[in-house]
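Residues per chain, in single letters:
2 protein chains.
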Amino acid sequence: MALALRLLLAFLVIGSCIAADNIDLWPMPQSVSHGTQKLYIKKDITMSMVGSTYSDEKSILKDAFQRMVDLITLNHVVDGINPSSSVLTCVNIVVHTPEDELSFGADESYNLTVPTTGDPLYAQIEAQTVFGALQALQTFGQLCYFDFTSRLIELNSAPWIITDRPRFPYRGLLIDTARHYLPVKIIKGVIDAMAYSKLNVLHWHIVDEQSFPIEIPSYPKLWNGSYSYSERYTMSDAIDIVRYAEKRGVNVLAEIDVPGHARSWGVGYSSLWPSESCREPLDVSKNFTFEVIDGILSDFSKIFKFKFVHLGGDEVNTSCWTTTPHIEGWLKNNHMNVSDAYRDFVLRSQKIAISHGYDIINWEETFNSFGDKLDPKTVVHNWLGEDVAPKVVAAGHRCIVSNQDKWYLDHLDASWEGFYMNEPLKGINDTKQQQLVIGGEVCMWGEEIDASDIQQTIWPRAAAAAGN
Amino acid sequence: MALALRLLLAFLVIGSCIAADNIDLWPMPQSVSHGTQKLYIKKDITMSMVGSTYSDEKSILKDAFQRMVDLITLNHVVDGINPSSSVLTCVNIVVHTPEDELSFGADESYNLTVPTTGDPLYAQIEAQTVFGALQALQTFGQLCYFDFTSRLIELNSAPWIITDRPRFPYRGLLIDTARHYLPVKIIKGVIDAMAYSKLNVLHWHIVDEQSFPIEIPSYPKLWNGSYSYSERYTMSDAIDIVRYAEKRGVNVLAEIDVPGHARSWGVGYSSLWPSESCREPLDVSKNFTFEVIDGILSDFSKIFKFKFVHLGGDEVNTSCWTTTPHIEGWLKNNHMNVSDAYRDFVLRSQKIAISHGYDIINWEETFNSFGDKLDPKTVVHNWLGEDVAPKVVAAGHRCIVSNQDKWYLDHLDASWEGFYMNEPLKGINDTKQQQLVIGGEVCMWGEEIDASDIQQTIWPRAAAAAGN
Chain A
1 MALALRLLLA FLVIGSCIAA DNIDLWPMPQ SVSHGTQKLY IKKDITMSMV
51 GSTYSDEKSI LKDAFQRMVD LITLNHVVDG INPSSSVLTC VNIVVHTPED
101 ELSFGADESY NLTVPTTGDP LYAQIEAQTV FGALQALQTF GQLCYFDFTS
151 RLIELNSAPW IITDRPRFPY RGLLIDTARH YLPVKIIKGV IDAMAYSKLN
201 VLHWHIVDEQ SFPIEIPSYP KLWNGSYSYS ERYTMSDAID IVRYAEKRGV
251 NVLAEIDVPG HARSWGVGYS SLWPSESCRE PLDVSKNFTF EVIDGILSDF
301 SKIFKFKFVH LGGDEVNTSC WTTTPHIEGW LKNNHMNVSD AYRDFVLRSQ
351 KIAISHGYDI INWEETFNSF GDKLDPKTVV HNWLGEDVAP KVVAAGHRCI
401 VSNQDKWYLD HLDASWEGFY MNEPLKGIND TKQQQLVIGG EVCMWGEEID
451 ASDIQQTIWP RAAAAAGN
Chain B
1 MALALRLLLA FLVIGSCIAA DNIDLWPMPQ SVSHGTQKLY IKKDITMSMV
51 GSTYSDEKSI LKDAFQRMVD LITLNHVVDG INPSSSVLTC VNIVVHTPED
101 ELSFGADESY NLTVPTTGDP LYAQIEAQTV FGALQALQTF GQLCYFDFTS
151 RLIELNSAPW IITDRPRFPY RGLLIDTARH YLPVKIIKGV IDAMAYSKLN
201 VLHWHIVDEQ SFPIEIPSYP KLWNGSYSYS ERYTMSDAID IVRYAEKRGV
251 NVLAEIDVPG HARSWGVGYS SLWPSESCRE PLDVSKNFTF EVIDGILSDF
301 SKIFKFKFVH LGGDEVNTSC WTTTPHIEGW LKNNHMNVSD AYRDFVLRSQ
351 KIAISHGYDI INWEETFNSF GDKLDPKTVV HNWLGEDVAP KVVAAGHRCI
401 VSNQDKWYLD HLDASWEGFY MNEPLKGIND TKQQQLVIGG EVCMWGEEID
451 ASDIQQTIWP RAAAAAGN
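Chains as they are written, first to last, in the UniProt record's numbering: chain A, 1 to 468; chain B, 1 to 468.
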């Protein structure tokens, strides 16, 4: 596995090439068998879709095929001469369903066969959905390498018969554009690399206390909280990112983290702060606070079409609520203490999100504090340690595992071995409860990284988790 | 300047955007005047060549124009509506010479005007050569920024009248693919960034004692000295890199560093080593050594068309020559000491390079040891300190300045201020002698960097030197 990881890193970050005599696939498919014959990839290898129900009107497969071909050349000039035999001329892709709207739980299974006989000789991919076919193309690409003798792309150890399906429907990576702004191009690069590792959810932690980089048309002064005039995303940028991700089989999960982690909101609308001198959490006493949340989620719902939205809810320090007179008064009038207010804030925000069609994900503090009050469909996002997931699923909630000691990428001392060995189902023995663990997520918090080193910090450890 | 550098860094590495109300050009053109009017760049801005002698058959200008347009959007979606006035619809480029073979000393001067009146309103570039026009397009791009209100590319402070020409004909950056292999894609990325800063020579230190990554058809076992099977460049890769660079106005200077820094050569041909146990410098006593040098330079001459080749000559530890019996005997028979042998090796290599049509560049130790014997056309490449350049030009040789204390990028403690303040003409007062300083070069030696951090280590300090 060390070798596989090293090679994967080479692919992702350094762009080097798989050595000719190794067989390395990552993540390892569910079932792999192979032979011993070398094949040559025809220089102008083509893609066909004979037998498909799917029409590829959006050019999802066609573009993915071209990206795969570009990737396996690794910028080398392929100027060898096609030999007369053992030449793979085509990849035929059979997709059984016409739909290509990416959604949670989409069937990503595939079969990939690379035979050694046939005239013409072609590889065959079979998948229920176009998103399974995308995964198959990633696997096919990993079989190929540029050979410095033939000056051709070659493929060793054919015939191959590979059957694959993901273990979990949610395989996430968090990026954080609030602590450091990440240009659109960098985010797209992260999405490219996620696709190589078959990760399928980009958790976009868009805003936080430090900055509010995204445009919210309903409340246009919110992005006054951006770091600078230019460190911003327009709604069109967000749509562009979502479309880019979807074409690669990657869902985008948007997060607004309330009521804590939201100080930047008040730069544009200072009444969201408890006071000028005490600026977070968001003012629980004002309807305006929830109107703004409603505006954000309304705008989000037009562009972030993933089933889930993430509402945060972690690390809420409520001291400003008790030291600000008008909030203190409001708490008294409503016979609430700050714990009640925190709970009500989260639940009220959940209702708003549900009204916009979302299922909710919340960080685990919400479950730890008032799990029995959460909307039953809430997905609890673990991060503090590995003990909570069994409790979450025992309570009937779904869970995403991101225990920080193993899967926080900003923990530079978290080893790739630790990333690999982390088991999302640890301590969960009941099969039905196991199914409530929808997957895991590695988290690249942005305090210590920026555009210049985000990829180098994410990989290869994120890939180790992807192999879990 | 700090601001200019910060913005340049943003452009190069982070890809952020120039703030709307600043005027920042880098390197600063020779002459700049401007007004106060804002213009909008038409969304489908076009390029024309009315009045040009140049035909752009190789699509040098057309591709550069498209790259410039892509760059100024910084991946934002430009979805604003073109206003009815103050819209720049076209950049007209007048190139006065039909030739587009890049060569040393090519005229890179240009005039760029951006008027505020005219129907249609268009910017005008005028240049002697296509390479001057490329520089003008870089400057034009730096005037433009994405505006988050109009959702258009805008250009402030028009009208602009800019006249520019480089101070030096040689503005170099060294990369080193022997200490760490750099994938072709990474090298192309470095070339892209050089073009943004108007650097025009990529000094490719291809091989060294650690590895020999490039294919030499005349002696095909030389690349047995590569780090691995895949960490290699084919001749086609090298041609691809040279063409890529030339299309961006960047020359590629190839180096083989002899007789020291060549231990890797012997992996494929061990008789190039003095002995199995004493492996460098190259064996001065064998004709085969010079046959291999001839083979390499013969192959180089087919692909590296720059006027110069770099023959190294630095840091030669000759102890293996005196401790290896057959070389010791050869020295005696030829009545030479090791200093004589070092001199003869360098001069014999120079003659071979000249026979293949090259002018030679050598590191300064050759000048320091036997400057009066060097071919008169030798360009002496300074690196040890700032004192040698005056001596070199006083002796009538040309010089490139790279004093390591200021312009070695692997010196992480060398500040950008130091890069900026370094003066290639320091201590040279005679005008004719000043003209012998053909320029400067910043050096990104590869021991401590690889593909993952080369760009981050080169910039922004290299840009500071480019502003010199």
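If you are wondering where the hints come from, they were derived from the structure by calculation, not from laboratory data. There may be inaccurate statements among the hints.
For chains that are exact copies, the list does not tell them apart, and a pair is met inside one copy or across any two.
Taking lysine-lysine and the BS3-like style, the derived pairs with C-alpha atoms no more than 27 angstroms apart in a straight line are [what the hints assert, rightly or not]:
id, residue 1, residue 2
1, Lys-188, Lys-42
2, Lys-302, Lys-43
3, Lys-221, Lys-38
4, Lys-43, Lys-185
5, Lys-426, Lys-373
6, Lys-286, Lys-373
7, Lys-42, Lys-426
8, Lys-42, Lys-351
9, Lys-62, Lys-188
10, Lys-351, Lys-302
11, Lys-305, Lys-188
12, Lys-62, Lys-185
13, Lys-185, Lys-332
14, Lys-58, Lys-43
15, Lys-185, Lys-42
Okay, the hints, checked on the actual structure:
Within a single copy, Lys-188 and Lys-42 get their C-alpha atoms only as close as 29 angstroms, which misses the 27 angstroms cut-off; across copies the closest is 26 angstroms, which meets it. Proximity of Lys-302 to Lys-43 under the C-alpha cut-off of 27 angstroms is restricted to the inter-copy arrangement: shortest distance 25 angstroms between copies versus 43 angstroms within a copy. For the homomeric pair Lys-221 and Lys-38, the shortest alpha-carbon distance between copies (24 angstroms) is at most 27 angstroms, but the shortest distance inside one copy (61 angstroms) is not. In this homomeric assembly, Lys-43 and Lys-185 come within 27 angstroms of each other (Cα to Cα) only across copies, at 20 angstroms, whereas the closest approach inside a single copy is 30 angstroms.
For a Cα distance limit of 27 angstroms, the shortest separation of Lys-426 from Lys-373 inside one copy, 25 angstroms, qualifies, whereas the shortest one across copies, 75 angstroms, does not. Taking the shortest alpha-carbon separations for Lys-286 and Lys-373, only the intra-copy value of 22 angstroms comes in at or below 27 angstroms, while the best inter-copy value is 86 angstroms. In this assembly of identical chains, the alpha carbons of Lys-42 and Lys-426 never lie at most 27 angstroms apart, being 46 angstroms within a copy and 58 angstroms across copies at closest. For a Cα distance limit of 27 angstroms, the shortest separation of Lys-42 from Lys-351 qualifies neither inside one copy, at 56 angstroms, nor across copies, at 44 angstroms.
For a Cα distance limit of 27 angstroms, the shortest separation of Lys-62 from Lys-188 qualifies both inside one copy, at 19 angstroms, and across copies, at 26 angstroms. For the identical chains of this complex, Lys-351 and Lys-302 are intra-copy neighbours only, at 18 angstroms inside a copy versus 71 angstroms across copies, given an alpha-carbon limit of 27 angstroms. Within a single copy, Lys-305 and Lys-188 get their C-alpha atoms as close as 18 angstroms, which meets the 27 angstroms cut-off; across copies the closest is 37 angstroms, which misses it. Taking the shortest alpha-carbon separations for Lys-62 and Lys-185, both the intra-copy value of 22 angstroms and the inter-copy value of 23 angstroms come in at or below 27 angstroms.
Taking the shortest Cα distances, Lys-185 and Lys-332 never come within 27 angstroms of each other, neither inside one copy (49 angstroms) nor across copies (64 angstroms). Taking the closest pair of Cα atoms, Lys-58 and Lys-43 come within 27 angstroms of each other both inside a single copy (25 angstroms) and across two copies (24 angstroms). When the C-alpha separation of Lys-185 and Lys-42 is checked against a cutoff of 27 angstroms, the pair qualifies only between copies, where the shortest distance is 22 angstroms, while the shortest distance within a copy is 32 angstroms.
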